[in-house]
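2 protein chains.
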Amino acid sequence: MPHKPERFTVEYLLTIRDNRPAEEHARDIAIEQTVEVPPDVIPQEHFEAEIPGRVESVQPVAGRSDQFRLAISYRCDITAWSVPQLLNVLYGNISLKDNIRIESLHLPDSLLRAFGGPRYGIEGLRSLTGVYGRPLACTAIKPMGLPTAELARIAGAFAAGGADLVKDDHGITDQAFHPFEERVARCQEAIEEANARSGRRTLYFPMISGSVVQIEKQARFAVRQGVRGVLLGPMLVGPDTMRYLSAEYNLAVMAHPALTGTAFHDREHGMSPAVLLGTLFRLIGADVSIFPNAGGRFHFTPGECAAIAGALREPLGELAATLPCPAGGMSLARVPELAASFGPDSVFLIGGDVLRRPDIEAGTRDFMDAIREGFGEELAAPAEPFVSACEWGGAERRQTLHDLLRFDDFTWQGRQREAYKASGTLPFSGVSRLELVGRHGEQTAFDVRYFEIEPGGYSSLEKHVHEHVIIGVRGRGVLSKNDREIPIGVHDIAYVGPLDAHQLRNTREEPFGFFCIVDRERDRPRPA
Amino acid sequence: MPHKPERFTVEYLLTIRDNRPAEEHARDIAIEQTVEVPPDVIPQEHFEAEIPGRVESVQPVAGRSDQFRLAISYRCDITAWSVPQLLNVLYGNISLKDNIRIESLHLPDSLLRAFGGPRYGIEGLRSLTGVYGRPLACTAIKPMGLPTAELARIAGAFAAGGADLVKDDHGITDQAFHPFEERVARCQEAIEEANARSGRRTLYFPMISGSVVQIEKQARFAVRQGVRGVLLGPMLVGPDTMRYLSAEYNLAVMAHPALTGTAFHDREHGMSPAVLLGTLFRLIGADVSIFPNAGGRFHFTPGECAAIAGALREPLGELAATLPCPAGGMSLARVPELAASFGPDSVFLIGGDVLRRPDIEAGTRDFMDAIREGFGEELAAPAEPFVSACEWGGAERRQTLHDLLRFDDFTWQGRQREAYKASGTLPFSGVSRLELVGRHGEQTAFDVRYFEIEPGGYSSLEKHVHEHVIIGVRGRGVLSKNDREIPIGVHDIAYVGPLDAHQLRNTREEPFGFFCIVDRERDRPRPA
Numbered sequence: 161m162p163h164k165p166e167r168f169t170v171e172y173l174l175t176i177r178d179n180r181p182a183e184e185h186a187r188d189i190a191i192e193q194t195v196e197v198p199p200d201v202i203p204q205e206h207f208e209a210e211i212p213g214r215v216e217s218v219q220p221v222a223g224r225s226d227q228f229r230l231a232i233s234y235r236c237d238i239t240a241w242s243v244p245q246l247l248n249v250l251y252g253n254i255s256l257k258d259n260i261r262i263e264s265l266h267l268p269d270s271l272l273r274a275f276g277g278p279r280y281g282i283e284g285l286r287s288l289t290g291v292y293g294r295p296l297a298c299t300a301i302k303p304m305g306l307p308t309a310e311l312a313r314i315a316g317a318f319a320a321g322g323a324d325l326v327k328d329d330h331g332i333t334d335q336a337f338h339p340f341e342e343r344v345a346r347c348q349e350a351i352e353e354a355n356a357r358s359g360r361r362t363l364y365f366p367m368i369s370g371s372v373v374q375i376e377k378q379a380r381f382a383v384r385q386g387v388r389g390v391l392l393g394p395m396l397v398g399p400d401t402m403r404y405l406s407a408e409y410n411l412a413v414m415a416h417p418a419l420t421g422t423a424f425h426d427r428e429h430g431m432s433p434a435v436l437l438g439t440l441f442r443l444i445g446a447d448v449s450i451f452p453n454a455g456g457r458f459h460f461t462p463g464e465c466a467a468i469a470g471a472l473r474e475p476l477g478e479l480a481a482t483l484p485c486p487a488g489g490m491s492l493a494r495v496p497e498l499a500a501s502f503g504p505d506s507v508f509l510i511g512g513d514v515l516r517r518p519d520i521e522a523g524t525r526d527f528m529d530a531i532r533e534g535f536g537e538e539l540a541a542p543a544e545p546f547v548s549a550c551e552w553g554g555a556e557r558r559q560t561l562h563d564l565l566r567f568d569d570f571t572w573q574g575r576q577r578e579a580y581k582a583s584g585t586l587p588f589s590g591v592s593r594l595e596l597v598g599r600h601g602e603q604t605a606f607d608v609r610y611f612e613i614e615p616g617g618y619s620s621l622e623k624h625v626h627e628h629v630i631i632g633v634r635g636r637g638v639l640s641k642n643d644r645e646i647p648i649g650v651h652d653i654a655y656v657g658p659l660d661a662h663q664l665r666n667t668r669e670e671p672f673g674f675f676c677i678v679d680r681e682r683d684r685p686r687p688a
Numbered sequence: 161m162p163h164k165p166e167r168f169t170v171e172y173l174l175t176i177r178d179n180r181p182a183e184e185h186a187r188d189i190a191i192e193q194t195v196e197v198p199p200d201v202i203p204q205e206h207f208e209a210e211i212p213g214r215v216e217s218v219q220p221v222a223g224r225s226d227q228f229r230l231a232i233s234y235r236c237d238i239t240a241w242s243v244p245q246l247l248n249v250l251y252g253n254i255s256l257k258d259n260i261r262i263e264s265l266h267l268p269d270s271l272l273r274a275f276g277g278p279r280y281g282i283e284g285l286r287s288l289t290g291v292y293g294r295p296l297a298c299t300a301i302k303p304m305g306l307p308t309a310e311l312a313r314i315a316g317a318f319a320a321g322g323a324d325l326v327k328d329d330h331g332i333t334d335q336a337f338h339p340f341e342e343r344v345a346r347c348q349e350a351i352e353e354a355n356a357r358s359g360r361r362t363l364y365f366p367m368i369s370g371s372v373v374q375i376e377k378q379a380r381f382a383v384r385q386g387v388r389g390v391l392l393g394p395m396l397v398g399p400d401t402m403r404y405l406s407a408e409y410n411l412a413v414m415a416h417p418a419l420t421g422t423a424f425h426d427r428e429h430g431m432s433p434a435v436l437l438g439t440l441f442r443l444i445g446a447d448v449s450i451f452p453n454a455g456g457r458f459h460f461t462p463g464e465c466a467a468i469a470g471a472l473r474e475p476l477g478e479l480a481a482t483l484p485c486p487a488g489g490m491s492l493a494r495v496p497e498l499a500a501s502f503g504p505d506s507v508f509l510i511g512g513d514v515l516r517r518p519d520i521e522a523g524t525r526d527f528m529d530a531i532r533e534g535f536g537e538e539l540a541a542p543a544e545p546f547v548s549a550c551e552w553g554g555a556e557r558r559q560t561l562h563d564l565l566r567f568d569d570f571t572w573q574g575r576q577r578e579a580y581k582a583s584g585t586l587p588f589s590g591v592s593r594l595e596l597v598g599r600h601g602e603q604t605a606f607d608v609r610y611f612e613i614e615p616g617g618y619s620s621l622e623k624h625v626h627e628h629v630i631i632g633v634r635g636r637g638v639l640s641k642n643d644r645e646i647p648i649g650v651h652d653i654a655y656v657g658p659l660d661a662h663q664l665r666n667t668r669e670e671p672f673g674f675f676c677i678v679d680r681e682r683d684r685p686r687p688a
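Chains as they are written, first to last, in the working numbering: chain A, 161 to 688; chain B, 161 to 688.
Only chain A is shown next, with the shape it has when bound in the complex (with noise of 0.2 Å):
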């Protein structure tokens, strides 16, 4: 008997605005969602491979007789794994139909894993902290316009008062009066500078928009930085650019729900807040899930609020669980009702209540306060980022910088062979190294390297974001990239891209020796 496809379910609302059965509208939707043809063109092998969407069931919904409940299944690996996709067959072209609403979903085990969820969630976020036991207070830096020394200032400010996690307002960008690199380089260091006061760890997170290229480039930079996690729009950005830089770039992400709530206006069309903000938002990767707190400046209802918050943190199979995190409008004294409504495992965004106070470090002390009366707050040491791996193994023991190097049998006057990533965790073997250029007074905005690898030694199993550019200089090696191994000779020049899982290995009887040239400001390797 063939292996049946795993499939997952969607209940809709349907409010029936014609004459026809809610039979045919559900089929209609089955049909829409998948083959789009009409039923005369679909092949009968489709049906019995189930291609269609399936009709599970069609219920009246009580006192309203043009309202059913339907659910409808479709197969797993219609969705291609992707996102867009995913998007698409849950609600692409029935966005356009007007009687339609996304009410629950019910995913199987291999599509959330395939989507992966949260990376840090409410227990790694509280990892990275160091905070447990109450909610974790969030600002925004703001308004939009301010010289980025002032929002610099601002950031730190934040920090000083112990704020947890300090984010850019979502409409503070890459625009000229404040450009992206400039402030968060800006941003982060005076918030690393009130950290190093205060012995705790405020995070900050900068807002990531802008074309495609920007992205990428922002990312990288904000990596640099030490920057652990980012703010961003899924509907601003392209919903899986959240998935993306939560999975290549280890940031930690909070999804901010700009240009959603188109979604949510009609009762009757769209998706429930809780299946947009929740349980997608959720299974493509939020930390943190931002939404418009009920009784403030937009127009959710508290039962709303509480199921966002269901769904961001109900078991779903092994996905971590996610931070809701009400906002829109929010004030200090609003805390205790906070507090009540969403309880120790949600952060609270409160912005411009903290801004407008002539003190704005005392004004975050208070919101701290304000948390801490509820709850019992317990501090621990924030996790130490991932070192295991650092390359430059300890001192840097910085040379002179010289003319000329000179070349005498596979070492160079005036540099000193160093270990390898003396106290690594990721394994290696026979591998000693040579910084060239970069680290002994040059300004280059790389670093040249020289690696020796004895017979039978290899290096890591890592990648990173970074490129490496490596030239062979003696004997003969192998790079493994990906799936692909690559053999290198000497004056042979290999490439490794962002994010290409590579070793390098020697499998010959004399050493394999070669040049490594790397951007100077890197991010640190993790295991591949």
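Bear in mind the hints are in silico, worked out from the structure with no lab data behind them.
On a predicted model such as this, the values are computed, not experimentally measured, just so you know.
Keep in mind that a hint or two might mislead.
Pairs count within a copy or across copies, as identical chains cannot be separated in the list.
[Claimed, not checked] Dumping the calculated EDC-like pairs for lysine to aspartate or glutamate here, alpha-carbon to alpha-carbon at most 20 Å:
{"id": "1", "residue 1": "Lys164", "residue 2": "Glu210"}
{"id": "2", "residue 1": "Lys623", "residue 2": "Asp563"}
{"id": "3", "residue 1": "Lys641", "residue 2": "Glu602"}
{"id": "4", "residue 1": "Lys641", "residue 2": "Asp563"}
{"id": "5", "residue 1": "Lys623", "residue 2": "Glu602"}
{"id": "6", "residue 1": "Lys377", "residue 2": "Glu408"}
Start from chain A and add chain B according to the hints.
Chain B alone, transformed into the frame defined by chain A:
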């Protein structure tokens, strides 16, 4: 007098559901979409710099005491000239309110130029296909789930029948049962075979959808297969992805409205279809914009469809015009009505009604005949293929990114030797150059070049702020650096610091070759 930054204006329909005056709502929008803080937190200089939105007018709607038309202007530069932030300023947070609809946009030239609009537009697609005087005919490969060979057969039959454009169904992405690369290769091949027989040029638009990484791979693959255009859902893959593929890959783009429907559902909320599927999709690069025509499976009115077509084709600065593509359950019987509604400068998309015919090629011919009936077709030779930006962009003769540049007698496979400073004014002699790494798609902060100097030859005597790292590869040479003469042999590493006067010379009888590594971002040399 300081220069006033240029502004764009958004016209909103406001429906008041509380008792607050329209002017107050207008001020709220102007602040919400920009500085997003309570008015008392906005610095006075912000108002002087006009960083918050500015309410330009508030007009009551005739016969409706609860409705007003608002015009609010914004500084163009707060968009950071990027698609995500433009969308955020337009409708990010206010999407979460329930009483505001965007009815039209007034965009000045600076903003139009920054986003660029269609790369091909109506004229470009006519030139590529060689079809003038009538609407272009588009068919759709489907249903999802057919074997790849069958999808290719359908594609070939459409082309043999004379369709101008053949697109994938938008749900056909990278499913395991018809993986992207195999499917696109086979469909493009089938269409090219039909083109070779007909002497015409049917264009294939495969659906681009998937993760951030997959989209880039798909676009590259498609371009390499000779594909000239792609279909995508801007709201599925992120709206800037459309601009990016158009601008960077030189591809024609057909925009699909999947997931946009929530914007249109309520005529007191969201955006008018003419704003999103018309003005905005045109602004960010759509050459063809697909929309659900009135009288099909969806609920747009004839007036809304006419407004979309108007927004796509009306004069708009220097932007090319976009082809409107009414779709969504059209049939051959409706071609005369489509012709009357949309005229010759449009694309008619008919899928199921061609596919359901026993002979798809004959069905396509019937579709073509139906179109020709109402118009005077004029055919020209299709324009010659363009050179893809993917492989050859710009004056820089970009070569391909390779895993390995194999060394072979002081050349490297995959890299061409170039003349050194062909048009320089500084004297030099007998120097050739290879750009090895950094100019071929790598994102390194440095470039690796190989220079070779013939016996008796020399480089320019020059200086610059950027540094050189020089590694001897072949023969021996001399570096003059300020007042020193430094001999360089194989694997010696020389350093030229900021503003060091320097020149390389070959005083020997054999060629002198060396790697020279420099920062990617660097200043121009000047005479020493």
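Here is what the structure says about each hint:
Taking CA atoms no more than 20 Å apart as the test, Lys164 paired with Glu210 passes inside one copy only; the shortest distance there is 9 Å, against 61 Å between copies. In this homomeric assembly, Lys623 and Asp563 come within 20 Å of each other (Cα to Cα) only across copies, at 15 Å, whereas the closest approach inside a single copy is 33 Å. For the homomeric pair Lys641 and Glu602, the shortest alpha-carbon distance between copies (16 Å) is at most 20 Å, but the shortest distance inside one copy (30 Å) is not. When the C-alpha separation of Lys641 and Asp563 is checked against a cutoff of 20 Å, the pair qualifies only between copies, where the shortest distance is 9 Å, while the shortest distance within a copy is 35 Å.
When the C-alpha separation of Lys623 and Glu602 is checked against a cutoff of 20 Å, the pair qualifies only between copies, where the shortest distance is 16 Å, while the shortest distance within a copy is 26 Å. Taking identical chains as interchangeable, the C-alpha atoms of Lys377 and Glu408 lie at most 20 Å apart whether they share a chain (13 Å) or sit on different chains (16 Å).
Comparing the model with each numbered hint stated earlier shows that all of them hold.
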